[in-house]
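Here are the chains, one letter per residue:
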Amino acid sequence: MKKSMAAFHYIVWMVIFTVVPMLLILGYSLIEVTDNGVIHLTLDYIRKCFEPIYLQIIAFSFYTAILCTALCLVIGYPIAIILAGDSFKHKNTLIFLLLAPMWMNFLLRTYSWLTLLERNGLINRLLTLLGLPNHSILYTTGSVMLGMVYNFLPFMILPIYSVVSKIDSNLIEAANDLGASKWNIFRKITLPMSIQGVFSGIVMVFMPAVTTFVITRLLGGGQKEMIGNVIEQQFIVSGDWSFGSALSALLMVVILVCISFSNRKGTAEKGERGALI
Amino acid sequence: MLKKAYVYIVFIFLYAPIVILALYSFNDARSRGSWGGFTLKWYVALLNDKSIIQALITTIAVALIASIIATVIGTFAALGIYFMSQKARNWVMNITYIPVLNPDIVTGVSLMLLFIFMRIPAGFMTLVLAHITFNVPYVILSVMPKLNQLNPHLFEASEDLGASMIYTFFRVILPEIRAGIVTGFLLAVTLSIDDFVVSFFTKGAGVNTLSVLIYAMARKNVSPAINALSTVMFVIVLLMLIIVNKRTKNEEILN
Chain X
6 MKKSMAAFHY IVWMVIFTVV PMLLILGYSL IEVTDNGVIH LTLDYIRKCF
56 EPIYLQIIAF SFYTAILCTA LCLVIGYPIA IILAGDSFKH KNTLIFLLLA
106 PMWMNFLLRT YSWLTLLERN GLINRLLTLL GLPNHSILYT TGSVMLGMVY
156 NFLPFMILPI YSVVSKIDSN LIEAANDLGA SKWNIFRKIT LPMSIQGVFS
206 GIVMVFMPAV TTFVITRLLG GGQKEMIGNV IEQQFIVSGD WSFGSALSAL
256 LMVVILVCIS FSNRKGTAEK GERGALI
Chain U
41 MLKKAYVYIV FIFLYAPIVI LALYSFNDAR SRGSWGGFTL KWYVALLNDK
91 SIIQALITTI AVALIASIIA TVIGTFAALG IYFMSQKARN WVMNITYIPV
141 LNPDIVTGVS LMLLFIFMRI PAGFMTLVLA HITFNVPYVI LSVMPKLNQL
191 NPHLFEASED LGASMIYTFF RVILPEIRAG IVTGFLLAVT LSIDDFVVSF
241 FTKGAGVNTL SVLIYAMARK NVSPAINALS TVMFVIVLLM LIIVNKRTKN
291 EEILN
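Here the protein sequences come in this chain order: X and U. This note's numbering puts the first residue of the first sequence at 6, with every later residue one more than the last. This note's numbering puts the first residue of the second sequence at 41, with every later residue one more than the last.
Just chain X, with the same shape it has in the complex:
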């Protein structure tokens, strides 16, 4: 018996529970069953994804996900650089504190913002105390964005931090000794060497952001819909599996393109959550 046979049952498992489901998605998005039980190929469902209503939702999803990724990068990049530097004595504790909320249930984290953003929530009360007008912050694009940045920010900080903290400190010392300014050290050493981390950060934030349906439902109140919400509705509410599958297939293609574009298997290997332990 060959030793590689130890993986046999796993391969069978993966074929049944990963390969076949993917094929089912592709299959459902390409076939149609007519009333008399005849199955035939159709591109109608793929075409339906590009109808103006859905195109608008897809555009909104991408716009939101890109904006969220950009915000996470702008907020997170300095944090990663500072944490990798020597400003703090208890660096490991800070990294631990950065990770801790991420391990708390994702729904609870999102839900916690409800408390703050509600009409008579804490933020509005503070505004009233300051004599400012009450705003309904909840159920707007702003609250959805807030929830997304809040949930995904650590995904951006972590990969950048891990790349930057591995930079050989001798390099920076040498540059210092040779009279390079702080700005030049950043521009010529830290920045180019952090790019890898930035790429994985972008993938790790963009992917969950573009596919989310929980944040939009809880903090957007169903007003601001994204692709994920439409897919959920097709499968849970309206039972239009073919259209839901077509959208899922589309999403899969987008993600695959994103991954091959970033081509950073190193982080992808550990997986978005796997990299965190």
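Because the hints were derived from the structure by calculation, they are not lab data.
Just a few of them, taken from the derived set where beta-carbon distance is under 8 Å, the chain U residues facing chain X: (1) Tyr46; (2) Val50; (3) Phe116; (4) Leu119; (5) Met124; (6) Ile138; (7) Asn142; (8) Leu151; (9) Thr173; (10) Tyr255; (11) Met273; (12) Asn285.
Incomplete in silico selection of chain U near chain X, CB under 10 Å: (13) Leu61; (14) Gly114; (15) Val132; (16) Thr136; (17) Thr147; (18) Ile156; (19) Ile233; (20) Asp234; (21) Ser251; (22) Leu269.
Note that CB positions come from ideal geometry on N, CA and C, so glycine has one too.
Fit chain U to the given chain X structure using the hints.
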């Protein structure tokens, strides 16, 4: 100084909602806007809420069953993959990455379609099958590095000296990769407990995990018991993280 201030502001942003949620879990007033004094009644309500307790039991049962099965499948899979030819290994690893890289929602709906296609009624069983599926790759990815560190001459020597394959596995390979297996198992448990999207699409009517229940509750009338629940969960997660961290630190020292 400016740097430190910036880091503190971002940490406040990350922790404020959790801290406020925890504070409100001790709030006597039902409204979230006002403070009515200290109370533990929401924790009592939590313990008396049958649906929450039921969901908690389901969550833990699914996480444990799925993680144990996933750990066994994943460990043997990693062994098999280790002995494969380069070409076969690349193929299998590419499939292994699918559930890791695929958006959760696609994994969820594709498994839902599979269960309908195979006529398996949605319920506890489908939940376990789905969780095993997304857990196994993480176990493999935790065990593989340990196998790669293994000295190949060790088990060659063991086999040359006449040990059976099973004996070699338990006496030579297993002790070397144990740390990877434990990490994989812990990772699987955490991912299972944390999962919402895949469970949402593969659970049957009447079967709820905590995540699914919270989603349903948060969409309707919010009960302050959820605040108590999240506080309890955060404390548990924090303790688990500290234990895992201690473990990895001890390992580093041993290595």
